[in-house]
Amino acid sequence: MAIHLIRDLDALHRNVLTMCARVEELIDSAVDALHRRDYEKAEEIPAQDDEIDRMDVQIEEECLKLLALHQPVAVDLRRITTVMKISGELERVADLGVNISERALSIIRCGEVHVPDDFREMSHLALSMLHRSIDSYVDMDVKLARDVCQTDDRVDNLNREIIHDLILRMQRQPQLIELHMHLFSVCRQIERVADHATNIAEDVVYLVEGEIIRHRNRLETGSA
Amino acid sequence: MNLIPPQAGFAQATTMPQPLQPPVAGQTHSSTSTATVSDHKQQKLKIETRHMNFFYGSHQALFDINLKIPERAVTALIGPSGCGKSTYLRALNRMNDIIEGTRHTGDVLLDSQDIYAPRIDVVALRKRVGMVFQKSTPFPKSIFENVAYGMRIAGIRNRSFVQETVERCLQQAALWNEVKDRLKDSAMALSGGQQQRLCIARALATNPEVLLMDEPASALDPASTARIEDLIIELKQNYTIVIVTHNMQQAARISEWTAFFCQGRLVEVGLTKQLFFKPREKETEDYITGRFG
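From first to last, the protein sequence lines stand for chains A and B. With our numbering, the residue at position 166 of the first sequence is 166, and numbering never jumps. With our numbering, the residue at position 260 of the second sequence is 260, and numbering never jumps.
One should not assume that every hint holds.
What the hints assert, rightly or not - Only part of the chain A face toward chain B is listed, based on derived beta-carbon distances under 8 Å:
| no. | residue |
| --- | --- |
| 1 | A2 |
| 2 | A11 |
| 3 | R36 |
| 4 | V73 |
| 5 | V75 |
| 6 | L77 |
| 7 | G111 |
Derived by calculation from the structure, the hints in this document are not laboratory data. All C-beta atoms in this analysis are idealised placements derived from N, C-alpha and C, irrespective of residue type, glycine included.
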């Protein structure tokens with residue numbers, strides 16, 4: 001039985017790694033299309049998302065099959081439940097990528113707009129978080145996973161600053177409200193990418209240490 | 001109840017409350033195998049073995065077993081075949097005594113009383129510590145007589161008491177509704193699952209404090225297994241249950257505590273949910289995930 005379980009877990013792992021790579025490609029392309037104002041590139045994004053949706057369903061089916069047939073425990077159980085969650089997080093990151101690409105198309109159609117300086121830094125940071133959260137999963141690296149979690153605060157701060165800046169611009173330039181609203185939306189999407197990267201990193205900590213660290217700070221503060 | 005004779009009648013569950021320290025695994029094998037549990041402080045200790053070694057002639061089957069078993073809880077003993085878990089289980093009501101050439105060292109305590117002390121009445125001990133075996137072993141008698149048998153042997157003649165006890169035990173064993181209209185039928189006509197529940201009812205009839213179960217559902221189909229498991233979960237409210245099982249999922253479903261034995265040593269003991277989610281010892285993880293050996 002163990003040989004079958006290990007073989008199926010290996011296959012599952014390979015599929016998750018493929019999904020990770022596809023999602024990273026998609027979100028990188030979406031953000032790149034926005035920054036470079038590449039209309040064609042942005043248009044290609046939704047088709048990539050379809051493939052990721054199929055992968056998400058396939059991975060969930062594989063996980064359910066493993067749970068039903070092998071009734072795994074300990075690290076195997078943690079691995080499968082973590083994969084189910086990570087797959088869901090990645091699928092939502094891909095959806096965010098599609099949203100970003102749609103906003104990018106709108107922004108390109110609207111004309112030139114000055115992108116806030118912090119915007120590139122924030123998107124770079126969020127994509128780096130996603131990349132490192134996936135690395136932490138691949139390498140079972142808890143230290144890296146915890147680093148990712150801590151980086152989220154920086155993205156949140158940048159998000160607040162950019163939104164504040166966009167509001168000021170909308171007040172100063174009411175004729176550009178539509179453009180700035182698109183940017184505002186993209187900013188929120190990228191901030192959500194960082195949130196999903198954080199969730200993945202938290203799942204990695206659970207996978208390795210068996211400890212659920214999600215919501216811990218808030219819950220501990222709330223119960224104090 | 002004192003185990004020192006003369007004793008008559010049935011043992012009533014009298015406990016000697018003691019603060020429960022978490023179960024402690026054999027230190028000889030793994031110095032880190034100590035359960036660290038804070039939410040079980042309220043539970044009382046029922047059975048304890050200290051530095052227990054067990055021998056079949058010159059062959060040592062158990063090595064320095066230090067294990068504390070809490071009262072009114074299910075403790076599962078798991079491990080590969082030949083690891084000593086059944087030997088350990090049988091030592092708790094001296095069933096090993098019937099095997100020639102066996103001996104032990106160390107202490108086996110029931111309510112702090114050494115059950116291997118020289119003046120211990122083994123029959124009285126086995127009334128307090130009942131046993132259910134892997135294969136159901138109904139007597140070739142009626143359903144009623146199977147459950148009443150222990151009382152007959154003990155010389156109880158009060159018919160209404162016997163009838164009430166048989167009904168109570170069959171109800172506790174979740175068998176009453178299925179057999180109440182055919183109590184005089186042969187027990188041998190019952191299904192495998194019913195026979196095993198009858199054996200549990202028979203064990204309950206002596207009013208034990210502890211039930212030892214050696215793979216009680218291993219020969220049963222999933223539906224009968226589920227009934228036995230439900231029954232065990234019900235029984236733990238009144239009894240201390242120690243169960244040997246090869247079925248990992250069964251141990252995970254029904255027990256609060258799990259002890260992992262390997263090659264005669266107690267490798268790890270802890271709360272079941274911890275042991276099955278994040279065991280401390282790699283040996284435990286290898287076994288429960290099927291990577292053993």
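Hints and how they fare:
1. A2: The hint holds - A:A2 has a Cβ within 8 Å of chain B, the shortest such distance being about 3 Å.
2. A11: Because about 17 Å separates A:A11 from the closest Cβ in chain B, which is outside the 8 Å limit, the hint is violated.
3. R36: violated (46 Å)
4. V73: A:V73 check passes; min Cβ-Cβ to chain B is 5 Å, inside 8 Å.
5. V75: This interface hint holds because 6 Å falls under the 8 Å limit.
6. L77: Because about 7 Å separates A:L77 from the closest Cβ in chain B, which is inside the 8 Å limit, the hint holds.
7. G111: Constraint on A:G111 not satisfied, violated at 56 Å.
Against the hints set out earlier in the document, violations occur for numbers 2, 3 and 7.
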